[in-house]
Structures are given as structure tokens and as C-alpha cells.
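Engineer: Sequence:
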Amino acid sequence: MMKWKDRPWMLYTIIVLAFVATGLLWRIHEDFSIDITIELLGAVITIVIIDELLVKSKRKRWNLVKNEVEYILARTINILRDDVLRNVFSFEPRVSGIRDTEQTESLIREQKDARFQELLSMPSEELLTILERGYLSKSYDGYFHHQAEDLWRILNTRYSEHLEPEVVDELLKLDLHMRDMHNNILLYNRTGEDASTRDHYRRRAGREMVFNTRYMIRSLVTLKKMGYSRITYGGEHK
0 MMKWKDRPWM
10 LYTIIVLAFV
20 ATGLLWRIHE
30 DFSIDITIEL
40 LGAVITIVII
50 DELLVKSKRK
60 RWNLVKNEVE
70 YILARTINIL
80 RDDVLRNVFS
90 FEPRVSGIRD
100 TEQTESLIRE
110 QKDARFQELL
120 SMPSEELLTI
130 LERGYLSKSY
140 DGYFHHQAED
150 LWRILNTRYS
160 EHLEPEVVDE
170 LLKLDLHMRD
180 MHNNILLYNR
190 TGEDASTRDH
200 YRRRAGREMV
210 FNTRYMIRSL
220 VTLKKMGYSR
230 ITYGGEHK
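In numbering that gives the first Met the number 0, the protein residues as written are 0 to 237.
No lab work stands behind these hints: they were computed from the structure.
It cannot be assumed that every hint is accurate.
[Unchecked claim] Calculated cross-link-like contacts (lysine-lysine; reagent style DSS-like; alpha-carbon spacing at most 30 Å):
no.	residue 1	residue 2
1	Lys137	Lys65
2	Lys223	Lys65
3	Lys172	Lys65
4	Lys65	Lys111
5	Lys111	Lys223
6	Lys224	Lys172
7	Lys172	Lys111
8	Lys137	Lys111
9	Lys65	Lys224
10	Lys224	Lys111
11	Lys172	Lys223
12	Lys172	Lys137
Produce the complete structure using the sequences and hints provided.
Structural biologist: Take a look at the structure:
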């Protein structure tokens, strides 16, 4: 895929149009047209060779770090999925009576998926109540901001350009909603105003938290479908 997406297609298009124009010029000035054709052929050969070398160099560098980048990204998403369920929604898997490790892991993944779907279909008032009685009742340590920073560091590397555009788009959405969630919680916990002002901020922050929580979960679900959930490295599950 990199082989095609890194090509300078605009430049190739211009060259093709130049050949077409040269063909039309042939009828008017044959000698001049021949000179231009020779120059264009030389340019094409040079561009193709240089382009091929650049693409091969990029592909080679990406192949060297591909497993590491994919592993780091999958690990980050996997940890975030676990933390959101466990810390924000007090999720505890039920695996009593099962001793096989693979069966246990499979059951836990199924329960996580089911819980995410429950949260996505839950009425806004009920979702906000769960947040207020659980996660928001505790001292906030800037968790979503830290996670957004970790994710941004991955996106900001030189190798992120090789990821699929759909993956990058979903990661950017996740980063945005985590940053907004962080700001929502700070607004919700805001102090110093009178009671009516504080209640206003809490109501506004509550609505925005529900919105960002839903879209954050949707991004995590989508990224899992794209393969960024079960951690693998070198073809082995971790």
C-alpha cells in the first residue's frame, strides 16, 4: 500500500499531459517536438529511478519498526480499554470455575465487549449517574490528560504517516475526546463560585462528559475492530 500512496501522482500527471501536448505540437513543429520528447524521456527516467529509491527507503525503514509501532499502539489501546472499564465503570469480569487461561481470556474479552455495548446504549441520565456515583466521587489525578499525551506521542512520531488513514482518524478522535473529558472533569470539580454557579457548571460538564464518554467508547470499539486491542508482538499474543 505504501508503494502506491507515496508516489508523486501529480508530477506523473503533469508529465503525461506534457507528452500529450508534445504530440499535438508535432504537427506544427516536428524538430522542436522531438527535442521536447527527448527531454521529457530523460526527466521520466530520472524521476522514476529517484522515486523508486525513495519509496524503497521509506518502506525499508517502516518494515524495521512496524512491529514495534503496532505493538506500542495496541498496548496503549488495550490498557486504555481496561482502565476505562475498571476505573471509570468499576468493571469486574466473572470467570469463576474456569481454569484454562485461553478460555478465561476469551470470556473476559466477551464480557468487556458486552459492557461497552451496554454503556453505548445506556440513557444519558443513567450514564451520568454511574459517573457521578463512582469515578467523579473520587479525587481526579488528570488520568485522561496523561493518556491523551501518551497517545499523541505515538501519533507525533515520523512513522505514524505509514498507518492507515482510517486508523489515524480514529486515534485523533480518541485523543480529542480524552482531552475534552479531562476538561469536563476539571469543570465539574470547579470550586470557588456560589452554589448556583457551581451547579450550572456541573450540569454543563455532566452533559459534555456523557457525550465524550460515548464517543471515546465508540473509538475504542472501532479500534478493536481494526485490530488494536489484543496485544501482539512478532505474531505472538501477549
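Engineer: Could you run down the list of hints and mark each one as holding or not?
Structural biologist: Hint check:
Only pairs whose Cα atoms come within 30 Å are accepted, and Lys137 paired with Lys65 is rejected, the gap being roughly 39 Å. For the suggested pair Lys223 and Lys65, the alpha carbons sit about 18 Å apart, so the restraint of at most 30 Å is met. About 22 Å separates the Cα atoms of Lys172 and Lys65, which keeps this hinted pair within 30 Å; it holds. Note on Lys65 and Lys111: the hinted pairing holds, with a Cα-Cα distance of about 28 Å set against a maximum of 30 Å.
Among the hinted pairs, Lys111 with Lys223 is consistent with the structure: their alpha-carbon atoms are about 11 Å apart, no more than 30 Å. Simply put, Lys224 and Lys172 have alpha-carbon atoms about 16 Å apart, close enough for the 30 Å limit, and the pair holds. Only pairs whose Cα atoms come within 30 Å are accepted, and Lys172 paired with Lys111 is accepted, the gap being roughly 21 Å. At most 30 Å may separate the alpha-carbon atoms for a hinted pair to count; Lys137 and Lys111 meet this at roughly 23 Å.
Between Lys65 and Lys224 the CA atoms are separated by roughly 19 Å; this keeps the pair inside 30 Å, and the hint holds. With a C-alpha separation of about 14 Å, the suggested pair Lys224 and Lys111 falls inside the 30 Å cut-off, and the hint holds. A C-alpha spacing of about 14 Å is found between Lys172 and Lys223, which places the hinted pair at or below 30 Å, so the restraint holds. Taken as a hint, the Lys172 and Lys137 pair is honoured in the structure, with Cα atoms around 26 Å apart against an allowance of 30 Å.
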